[in-house]
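> Got chain L sorted already, so can you dock chains C, X, H and U onto it with the hints?
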Amino acid sequence: MSTDKEPTATRGSLRLAPNCIELEEQKAKLPRQFVNFTFYHARPEWRTVAEDDKKRSKEEFINAVDEFRKQLLIHSYSTIGLRTNVDFMIWRIGSELDPIQEMTSRLNHTQMAKYLEPAQSFLSMTKRSMYIDKDNPEHVEDRLHIIPGKSDYLFVYPFVKTREWYSRSADQRQEMMDEHIRIGTKYRSVKLHTTYSFGLDDQEFVVAFETDNPADFLDLVQELRETKASSYTLRDTPMFTCRQRTLAECLEALG
Amino acid sequence: MSTDKEPTATRGSLRLAPNCIELEEQKAKLPRQFVNFTFYHARPEWRTVAEDDKKRSKEEFINAVDEFRKQLLIHSYSTIGLRTNVDFMIWRIGSELDPIQEMTSRLNHTQMAKYLEPAQSFLSMTKRSMYIDKDNPEHVEDRLHIIPGKSDYLFVYPFVKTREWYSRSADQRQEMMDEHIRIGTKYRSVKLHTTYSFGLDDQEFVVAFETDNPADFLDLVQELRETKASSYTLRDTPMFTCRQRTLAECLEALG
Amino acid sequence: MSTDKEPTATRGSLRLAPNCIELEEQKAKLPRQFVNFTFYHARPEWRTVAEDDKKRSKEEFINAVDEFRKQLLIHSYSTIGLRTNVDFMIWRIGSELDPIQEMTSRLNHTQMAKYLEPAQSFLSMTKRSMYIDKDNPEHVEDRLHIIPGKSDYLFVYPFVKTREWYSRSADQRQEMMDEHIRIGTKYRSVKLHTTYSFGLDDQEFVVAFETDNPADFLDLVQELRETKASSYTLRDTPMFTCRQRTLAECLEALG
Amino acid sequence: MSTDKEPTATRGSLRLAPNCIELEEQKAKLPRQFVNFTFYHARPEWRTVAEDDKKRSKEEFINAVDEFRKQLLIHSYSTIGLRTNVDFMIWRIGSELDPIQEMTSRLNHTQMAKYLEPAQSFLSMTKRSMYIDKDNPEHVEDRLHIIPGKSDYLFVYPFVKTREWYSRSADQRQEMMDEHIRIGTKYRSVKLHTTYSFGLDDQEFVVAFETDNPADFLDLVQELRETKASSYTLRDTPMFTCRQRTLAECLEALG
Amino acid sequence: MSTDKEPTATRGSLRLAPNCIELEEQKAKLPRQFVNFTFYHARPEWRTVAEDDKKRSKEEFINAVDEFRKQLLIHSYSTIGLRTNVDFMIWRIGSELDPIQEMTSRLNHTQMAKYLEPAQSFLSMTKRSMYIDKDNPEHVEDRLHIIPGKSDYLFVYPFVKTREWYSRSADQRQEMMDEHIRIGTKYRSVKLHTTYSFGLDDQEFVVAFETDNPADFLDLVQELRETKASSYTLRDTPMFTCRQRTLAECLEALG
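Protein chains in written order, with the working numbering: chain L, 1 to 255; chain C, 1 to 255; chain X, 1 to 255; chain H, 1 to 255; chain U, 1 to 255.
So that you can see chain L by itself, here it is in the shape it has in the complex (with noise of 0.2 Å):
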């Protein structure tokens, strides 16, 4: 599992390399960005539409999408067949909040609304992350500038830690969280993205796994259960499976 966390500032100089420490620098420079999750589920009634209605409520709707593509980084996923009630799902990131919530008035407009439903969204945040990968150097680089979308499989789920977990000590934290980290590093067709939702949304973190192999993951979280860490978890459903596809490909299976 290759991780987006990164260093904090409460690690000693010792375990910082220099050109960690202007990573940090650099980071700290970085703008953040939004991050939100929408799971649209089709209502019934898009089933009595005309073939030819339908055909061209999709079009206008992929369009709509499209128009915000520029100031949007926008992936879709099908969760048809694998969770009930939602359909699809819409991964937007961008680093000002206003284009997400046009682009939402926008689709608002179109045909296909009449007959969409968001049955669930995460919004959160991307952050500077205060945990560690001590045994991975390499991966430093990479950390600063993710790609999202490149596997055929993404596993999406809003995360709570106990208030227990935050009155332990910071090195106790950091401990776990190296346990943590040195499982996921043997699943290294695993990609971690983490991003953050205190006081956004309900949950503190959303959790995103990219891979192209379902099993790795399954084997993955179910190792994690074992680790110190996990016993602080005090939410981390719902979880959902997505497949990435073409929005076409996603609207295509709603029948």
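Just so you know, these hints were derived from the structure itself, not from any lab. Treat the hints with care, as some may be off.
Which copy is meant is left open, so a pair is good if it fits within one copy or across any two.
Taking lysine to aspartate or glutamate and the DMTMM-like style, the derived pairs with C-alpha atoms no more than 25 Å apart in a straight line are [stated by the list, open to error]:
#1 Lys-114 <-> Asp-66
#2 Lys-150 <-> Glu-96
#3 Lys-191 <-> Asp-236
#4 Lys-114 <-> Glu-249
#5 Lys-114 <-> Glu-252
#6 Lys-191 <-> Asp-98
#7 Lys-161 <-> Glu-102
#8 Lys-186 <-> Asp-202
#9 Lys-55 <-> Asp-178
#10 Lys-161 <-> Glu-252
#11 Lys-186 <-> Glu-96
Using the frame of chain L, we list chains C, X, H and U on its own:
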């Protein structure tokens, strides 16, 4: 974070400067205000309304709201795209409950009422009359009077403390609140409004944070997790990220 | 806070004045009453009904309710604007359950039944209470005959104590209730009705507070959080703020 | 409270009289029965049906139920006005599951199925065949055979014990159950039916109390809160107060 | 209860017979399978469809399912009358996720999709490829390969262990599982399938028990409550009692 938390009467006089005591006495004489946050959701049927009818309906709704601006302080926020199931929020403040009920009744008689579902609301009171109207030249913001709705973003959530909190001594609680406030003061861009719901609604408090910078607020909430007071939180969800917009803009975004 | 809680058989004779014993005997002979609070919500379809039909429907509904005023004590409250998903509440008290069912059946046959959804209800009974108000000997007489619905506001919520509460000795519980009642008596404007739901509905008690001054009630509930008894609360939500109104006023507010 | 709880095999012989042992042996040979409680709710569309169609629909529904009275013991209860979201309940008892499914399928083919929503159900089994049909002259109620549905009221709820309960020794549990039963026997008007749902439905037990006097049942449940066994209750809601009525009466009350 | 739980690698060699070790090695090489249980609910609108259209719709739906029997093992179960809100269940097993999504998309394009709501689903994986098709003459059931769907009843539920379980040593857990399995082996008629959902869906495991005798299963689950392992259960609901039926029979029961 500037707070509108008053020093409590249980604090020793050593810590309360004389002018603070005077301030407290002034406050005790001020009447209290009712506060209501109502989140609305557009039913899918709204999107089947003809454009002309939509336009008229929106105008009628806006006018109906405006009728009550003499009796109530009213602010509107768009939540489109930031959370499913709520599309906009109306924040109302008044010295009586009746106008809040009358306004809701009035809105129920508009055409838009067919298509708008109040999806969530929070009812609370101030412990003193603290909000004033910025458009009223006679009103001056000072330590006793706050002009609400001056920032781009409002973050609102209900808050319930564990019963264990209430079994701690007044001194212990004051000490924990002091730590809490100390952290808050590091985030100057964030302004906290605490109102009280004991017995009036499901939560104990409604907390509303105003800021122009969501990242500051996120960092503040994350930092507050490490305080002792935080471990006495029983519930602090759902959390709503709200973008200040005119009511016309809020309605336009519904599609 | 005046309470309708009565002396218990477990009290020693020293604390029970002779006239109290007589009172107890009187009470034992008093039949118990059934109590039902039903909260109604208008479906959006109501707002599509023609004005004339609305008028007739409302009159028919009011007349149907009035038919049962001989058999049941009936009070109505508007909750419009104070909480989503409930619009008004009907409080019914009677010596038999059958009229409560017959009245509901009768209402189901009205035109308005198509548009009204009973969204929440609480079923309970009155009973000889076991807690005593040792500080208010004069209170006793009134507590045999309570006249409900004399205040502008009613605050209603279900109440469940932790099972640990029931494992405390009668003396310990009495002591905690004494503290509870002592605080209540400071709020003279607030009157408490406690009724019992054990086995009849999901809660153990339904508590209903009457007052003309919501702020007093809020302060009372907040102060009660600091009592020992409060730590034995398992559930006390949802909480409903209800404004006494004629049924005609309640229906008019639906739009 | 008379109970249909059998003395357990773990009880010492000193406490089991010889005829009890024989009784136990008899019971072990008796086949077991399936029990199903289904609560129905009328959709608002029901109230838009023409009176003639309503009449025919109700007759057809009643006839469809009657077809299964040879294979199943069937009792009906009205819950109108006593709890929102459920209007009536059908209690079915049979030696096989298939007739329960066949009857539901048959009801799904009636006109009323368009307007009736099964809102809640409990599936369970007896540990022996204990219910008999009072209309069958060959059937005699004795300690092994219970005729259900002989009282005006039925109180039904699901029941789950804490896992800690199951870690107590058989003797400890027996002692706690003895206390429980001792209190129950004080309420002669209340008759308890315990059935078992382990693995078949979300609860461990479905408990159903029959009585003509709701106040007795309420007092019993309140008194049972003070037993040791009560502290091992994990869940005992939702609780349904059900009034025995003919199916025709149940349907008439729907409006 | 025969189980498909493998002896774990943590067990000492003394307890693993040589042929078991070989078996383990064989298993490790076997590919894994995806498993999906989807529960469907007929919307009330289904009952308004003309008989002829119903017939055609059912045939089309059955044919659409049959198209996927080459790529997926598919079994159907009726839940009519045994639980509200779900009417039938389709159990799918395959070596790839894509056919599960393609089949769902195909079903969404049928006429019945207008009337069927997927109400609940569970997604999981085997830890090895264990299921085979009984209709394929080349497939032989042995210790590595299980033919699913050979019993009248299937009992399905999600399963989450407490985090405390995962902090117990491998030996302690093995000892607890040994007790669990020892009890299971007393119920020869019950066959357990355990599949894994870590990270893929809200539960950790999906457990599915096959038997022709529901009473045996009920007794097994009740007896398992007394094991030590049982005290580490965090969630094991909702529980579904499913009756194996052809898809035609499942659809016929919808009305």
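> Now look at each hint and say whether the structure bears it out.
Here is what the structure says about each hint:
1. Lys-114 <-> Asp-66: Only inside one copy: Lys-114 and Asp-66 sit 19 Å apart there, 29 Å across copies, limit 25 Å.
2. Lys-150 <-> Glu-96: For Lys-150 and Glu-96, the Cα distance is within 25 Å both inside one copy (23 Å) and across copies (20 Å).
3. Lys-191 <-> Asp-236: The answer is within: 18 Å in one copy meets 25 Å, while 31 Å across copies does not.
4. Lys-114 <-> Glu-249: both (19 Å within a copy, 20 Å between copies)
5. Lys-114 <-> Glu-252: Close inside one copy (17 Å) and across copies (16 Å); limit 25 Å.
6. Lys-191 <-> Asp-98: Result: close only across copies, 21 Å inter versus 28 Å intra.
7. Lys-161 <-> Glu-102: neither (32 Å within a copy, 37 Å between copies)
8. Lys-186 <-> Asp-202: Cα proximity of Lys-186 and Asp-202: across copies only (24 Å, versus 31 Å in one copy).
9. Lys-55 <-> Asp-178: neither (51 Å within a copy, 58 Å between copies)
10. Lys-161 <-> Glu-252: Answer is neither: 38 Å inside a copy and 38 Å across each miss the 25 Å cutoff.
11. Lys-186 <-> Glu-96: between (35 Å within a copy, 24 Å between copies)
When each numbered hint is compared with the structure, violations occur for hints 7, 9 and 10.
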